[in-house]
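Visitor: Sequence:
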Amino acid sequence: MVQHKMKKKISLPSGVKQKKKIKSTKQGPKKGHQLTIAPKKPAAIQQAKINSEITRTINDKNEQLLKGRADKDVGRNTSA
Numbered sequence: 001m002v003q004h005k006m007k008k009k010i011s012l013p014s015g016v017k018q019k020k021k022i023k024s025t026k027q028g029p030k031k032g033h034q035l036t037i038a039p040k041k042p043a044a045i046q047q048a049k050i051n052s053e054i055t056r057t058i059n060d061k062n063e064q065l066l067k068g069r070a071d072k073d074v075g076r077n078t079s080a
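Taking the UniProt record's numbering, the leading residue of the sequence shown gets 1, the next gets one more, and so forth.
Treat the hints as calculated values from the structure; they're not laboratory data.
Take the hints with a grain of salt, since some may be wrong.
[Said to hold, decoys possible] Mimicking DSS-like on lysine-lysine, the simulated pairs with C-alpha atoms at most 27 Å apart in a straight line are: (1) 9 x 26; (2) 20 x 9; (3) 21 x 40; (4) 19 x 8; (5) 26 x 8; (6) 7 x 23; (7) 7 x 20; (8) 41 x 26.
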């Protein structure tokens with residue numbers, strides 16, 4: 001015999017739906033409620049590639065120039 005109050009086992013009424021967890025499928029950055037970010041334009045991508053190649057070429061030439069000057073000042077012979 002029980003000496004204390006028992007918890008009642010409650011059953012839900014018929015017709016009540018069970019709770020469901022909602023899976024979120026959205027990914028990526030959010031900027032506003034329904035705002036979509038436009039894809040990058042091919043012309044802009046091509047221009048960025050050309051600019052990076054130009055920068056790389058200029059930097060290589062500048063590095064060779066400075067290296068040649070430094071070697072000349074120290075007295076190294078770069079042709080040998």
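Visitor: Now tell me if each hint is right for this structure.
Guide: Evaluated hints:
A hinted pair counts as satisfied when its Cα atoms are at most 27 Å apart, and residue 9 with residue 26 does not qualify at roughly 39 Å. Distance check on the hinted pair: residue 20 and residue 9 sit about 22 Å apart at the alpha-carbon level, within 27 Å; holds. Note on residue 21 and residue 40: the hinted pairing is violated, with a Cα-Cα distance of about 35 Å set against a maximum of 27 Å. Annotation: proposed proximity of residue 19 to residue 8 holds, straight-line Cα distance about 21 Å (limit 27 Å).
Restraint check: the Cα-Cα separation between residue 26 and residue 8 comes to about 42 Å, which exceeds 27 Å; the hinted pair is violated. Of the pairs offered as hints, the one joining residue 7 and residue 23 is violated, with about 34 Å between alpha carbons and a cut-off of 27 Å exceeded. A distance of roughly 26 Å separates the Cα atoms of residue 7 and residue 20; the hinted pair therefore holds under the 27 Å criterion. Pair hint residue 41 plus residue 26 holds up; C-alpha atoms about 23 Å apart against a cutoff of 27 Å.
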